[in-house]
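Q: This is what each chain is made of:
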Amino acid sequence: MRQTRLIALAVASVTIVIAVSISTHIVSGQSERSAAASAPVYNPYPLGILPADLSSETARVQREVDMIEARALARWKTLGHPTLAGQPPILQNTGTEAIETLGELMLYDNKISPGQNLACASCHMPYAGFSGPTPSVNLTMVAFPGTVHFRAGKRTPQRHPYAPFFPVLQYNQVQGLFFGGNFWDSRATGYKLRVPDAEQAQGPPVDTQEMGFPDTACIAFRLSQAVYRPLFEQVWGEGSFDIKFPGETERICATPAGAAMFAGSTTPVPLSAADRTRANIVYDRWAQSIDSFEQSVQVSAFSSKFDAFLAGKYTLTPDEMAGFKLFNGKGNCNSCHLDGRGTTLKSDQADTSAAAMVNPLFTCFGSANEGVPLNPGDAFYYQTKPDSYGFIANPYGFGYRDLGLGSFLRSAFGSGPNPNVNWKQYAPTVDGQMQVSSVRDVASTPPQCPTTEAPGPYFQKAFFHNGYFKSLKQVVHFYNTRDKYAYPVTSGHCPKGKTEKVDCWPMPEVRNNIDMTSGNLGLTDEEENQIVAFLETLSDGFTRPYLNSDTYTGACMKGGSAATQGNEHLIPTPSLPPCVSAICGVAPVPSPSIP
Amino acid sequence: MSRAFVLLAIAVLSGRLCAQVSPITPEARGVRIIEGPKMELAKGYLTIISWTTNNPGGSPVHYGVVHYGTDPHSLTETAKSPIRLNPDHSSTVFRVRLDNLKPQTTYYYTVDSIQANGKSDGIKGTVNHFTTP
Numbered sequence: 001m002r003q004t005r006l007i008a009l010a011v012a013s014v015t016i017v018i019a020v021s022i023s024t025h026i027v028s029g030q031s032e033r034s035a036a037a038s039a040p041v042y043n044p045y046p047l048g049i050l051p052a053d054l055s056s057e058t059a060r061v062q063r064e065v066d067m068i069e070a071r072a073l074a075r076w077k078t079l080g081h082p083t084l085a086g087q088p089p090i091l092q093n094t095g096t097e098a099i100e101t102l103g104e105l106m107l108y109d110n111k112i113s114p115g116q117n118l119a120c121a122s123c124h125m126p127y128a129g130f131s132g133p134t135p136s137v138n139l140t141m142v143a144f145p146g147t148v149h150f151r152a153g154k155r156t157p158q159r160h161p162y163a164p165f166f167p168v169l170q171y172n173q174v175q176g177l178f179f180g181g182n183f184w185d186s187r188a189t190g191y192k193l194r195v196p197d198a199e200q201a202q203g204p205p206v207d208t209q210e211m212g213f214p215d216t217a218c219i220a221f222r223l224s225q226a227v228y229r230p231l232f233e234q235v236w237g238e239g240s241f242d243i244k245f246p247g248e249t250e251r252i253c254a255t256p257a258g259a260a261m262f263a264g265s266t267t268p269v270p271l272s273a274a275d276r277t278r279a280n281i282v283y284d285r286w287a288q289s290i291d292s293f294e295q296s297v298q299v300s301a302f303s304s305k306f307d308a309f310l311a312g313k314y315t316l317t318p319d320e321m322a323g324f325k326l327f328n329g330k331g332n333c334n335s336c337h338l339d340g341r342g343t344t345l346k347s348d349q350a351d352t353s354a355a356a357m358v359n360p361l362f363t364c365f366g367s368a369n370e371g372v373p374l375n376p377g378d379a380f381y382y383q384t385k386p387d388s389y390g391f392i393a394n395p396y397g398f399g400y401r402d403l404g405l406g407s408f409l410r411s412a413f414g415s416g417p418n419p420n421v422n423w424k425q426y427a428p429t430v431d432g433q434m435q436v437s438s439v440r441d442v443a444s445t446p447p448q449c450p451t452t453e454a455p456g457p458y459f460q461k462a463f464f465h466n467g468y469f470k471s472l473k474q475v476v477h478f479y480n481t482r483d484k485y486a487y488p489v490t491s492g493h494c495p496k497g498k499t500e501k502v503d504c505w506p507m508p509e510v511r512n513n514i515d516m517t518s519g520n521l522g523l524t525d526e527e528e529n530q531i532v533a534f535l536e537t538l539s540d541g542f543t544r545p546y547l548n549s550d551t552y553t554g555a556c557m558k559g560g561s562a563a564t565q566g567n568e569h570l571i572p573t574p575s576l577p578p579c580v581s582a583i584c585g586v587a588p589v590p591s592p593s594i595p
Numbered sequence: 596m597s598r599a600f601v602l603l604a605i606a607v608l609s610g611r612l613c614a615q616v617s618p619i620t621p622e623a624r625g626v627r628i629i630e631g632p633k634m635e636l637a638k639g640y641l642t643i644i645s646w647t648t649n650n651p652g653g654s655p656v657h658y659g660v661v662h663y664g665t666d667p668h669s670l671t672e673t674a675k676s677p678i679r680l681n682p683d684h685s686s687t688v689f690r691v692r693l694d695n696l697k698p699q700t701t702y703y704y705t706v707d708s709i710q711a712n713g714k715s716d717g718i719k720g721t722v723n724h725f726t727t728p
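Residue numbers (our numbering), protein chains in the order written: chain G, 1 to 595; chain P, 596 to 728.
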């Protein structure tokens, strides 16, 4: 007992010391914070796109990220003494926790950005199921601001629990389908590191609108200065940072990617070939460490009510059970969000398998175009003017169309390079498709705001790749009535007497390859609510606390109804110019053409 | 045997087991239309033709196919829409979108469904018709 108290006291002391040291570092660091943090605010947005509390909310998340980082540093200090054994060397007994802790420290490190003001977690906090942590952003601009205030991305931050379980992107010839990858458009294929989740972690740090380093070597540079560098060297080897960074590295790495001064170079840090290779290896280690944390039971926890139900330790309420049956039956949700039930066929089918999968992931690892309307609230459309660095995120404005997997296969504007030329031919068959995310944690919220649904108290989230939906009720209602209430209008232009998202759905952004499994399901209002109740059983943290889900210091929202949640922020979509050739003109072009 | 068990355990615990990719299910011995086809929706800019069959099995993604035209003897246009088979369901609803048809026009059509590789489920439908509003 006394020993336990002593350990607790030691942990608490270390936490306080580290917290103080971090605060000190942040304060002293602010004086040297880069041009990225002190540059004039970039605001090309019309009224109603940026939320009024954006600056204070961004600062709030930054504080929460620092708080979790302090906790992780404290835990690192309690790790056992490292003992290397075997060849290749293994950290005997402590290796798993060491690499997971290293990944956690990286994920919550605000210094991994030119302005030292943005971490991976800034857009993926645990209390939101590792999706966007700022209710007002979810309600309005959808894409989260990056290191440069206020450049913003183009899509909602995708939840990353269970993302490590997605396989390397593959085209299955027999099924005629793509499986795997990470990101909404699957562009983190895993082709090189063989783990898509790890390659995903290599995207945002050098994304111009996110953490925004101009060079991947900057991550190695900042890690070489991190307080947890000894842990990195313990896990990945002494000498990992034997890189001769030139004197101008700090200045270069404090300048955001896309700045005109780099003249398009993605390797502005001048390194020898050998040092460039070492820096690349560090970046791979960064990715693998973060993947370790994201796959750990601290993130991909399998600790929901539904997991307890599968284990026979929780009885679903009548509404939850009804929702589960609808999820499998009339709703047909588990045709893609596989729930681990047996695959027994009925009628005149021959297969009698009834084997259930362990720990169902509620995804088929595939992609689909559900026909979601274009969301004119997405901040990406408005970044058509140069910021103070001379960078333009989206020169095409509303000529941009999000073709998802199709754009990736073409290596078109808005996606990344496709490493497999054989996939390119399939682009027209997947235009508009986005990754089928796991449904797990879709309803996760901070404990003090126990739901995503109005009237609440609720935590405002944004759903699907463009955040068009503001409640799960709207998501389910869309699946149920997309075609029944279809109108040939864009968002903000429903006919008089009709209410958008209630009895009017604007036309799809991409009309090709629309999945017709749903769209007119015939669910009643009560049945929709029961499916939402079932989705809420998939939030981690029921069988044991979910790590750091207690860190939300913002406010909950109240009032209104889930059906029209956020409708007060709808803005009329402007007249849309044709899809630009940098997207829709890249061969093999979409068929039929996209207006 | 024990080695196989260990390998399976490692695969499960390491989380890399790709067990959840949609399964290819056994093909039905015969696929027949249970209900429809019918014009489910007609809004001028969007028409949906739907029908229900017994679960055809095969690839998890199937396409409903509608061959249509204004001349019953020359169905020159084709529309197809993907759906996901649900292995647990005994029947499957196919729904196909036809965009931007001419108003107040009678169209003739037949329906079919195909697997992802283009193999037909073998439905022998008759020529039906509908008139747009």
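Please note that a few of the clues may not be correct.
[Unchecked claim] Derived lysine-lysine pairs resembling DSSO-like cross-links, with alpha carbons at most 30 Å apart:
1. P:719 x P:675
2. G:498 x P:638
3. G:325 x G:313
4. G:498 x P:714
5. G:484 x P:719
6. P:638 x G:484
7. G:330 x G:313
8. G:111 x G:330
9. G:330 x P:633
10. P:697 x P:675
11. P:719 x P:638
12. P:719 x G:498
13. G:558 x G:498
14. P:675 x G:330
15. P:633 x G:484
16. G:496 x G:484
17. P:714 x G:496
18. P:714 x G:424
In case anyone wonders, no lab produced these hints; they're calculated from the structure.
Q: Each of the hints needs a verdict: does it hold here or not?
A: Each hint, compared with the structure:
1. P:719 x P:675: Given pair residue 719 of chain P, residue 675 of chain P holds - Cα atoms ~17 Å apart, limit 30 Å.
2. G:498 x P:638: 16 Å, holds
3. G:325 x G:313: 19 Å, holds
4. G:498 x P:714: 42 Å, violated
5. G:484 x P:719: 28 Å, holds
6. P:638 x G:484: Answer holds: residue 638 of chain P to residue 484 of chain G is near 10 Å, not above 30 Å.
7. G:330 x G:313: 27 Å, holds
8. G:111 x G:330: This hinted pair is violated, its Cα atoms lying about 49 Å apart.
9. G:330 x P:633: 20 Å, holds
10. P:697 x P:675: Given pair residue 697 of chain P, residue 675 of chain P holds - Cα atoms ~18 Å apart, limit 30 Å.
11. P:719 x P:638: Given that 30 Å is the threshold and the Cα spacing comes to 28 Å, the pair holds.
12. P:719 x G:498: The given pair, whose Cα atoms are some 41 Å apart, is violated under the 30 Å limit.
13. G:558 x G:498: Holds: residue 558 of chain G and residue 498 of chain G sit about 24 Å apart, inside 30 Å.
14. P:675 x G:330: 23 Å, holds
15. P:633 x G:484: Roughly 15 Å between the alpha carbons, so the hint for residue 633 of chain P and residue 484 of chain G holds.
16. G:496 x G:484: 17 Å, holds
17. P:714 x G:496: 46 Å, violated
18. P:714 x G:424: 22 Å, holds
Comparing the model with each numbered hint stated earlier shows that hints 4, 8, 12 and 17 do not hold.
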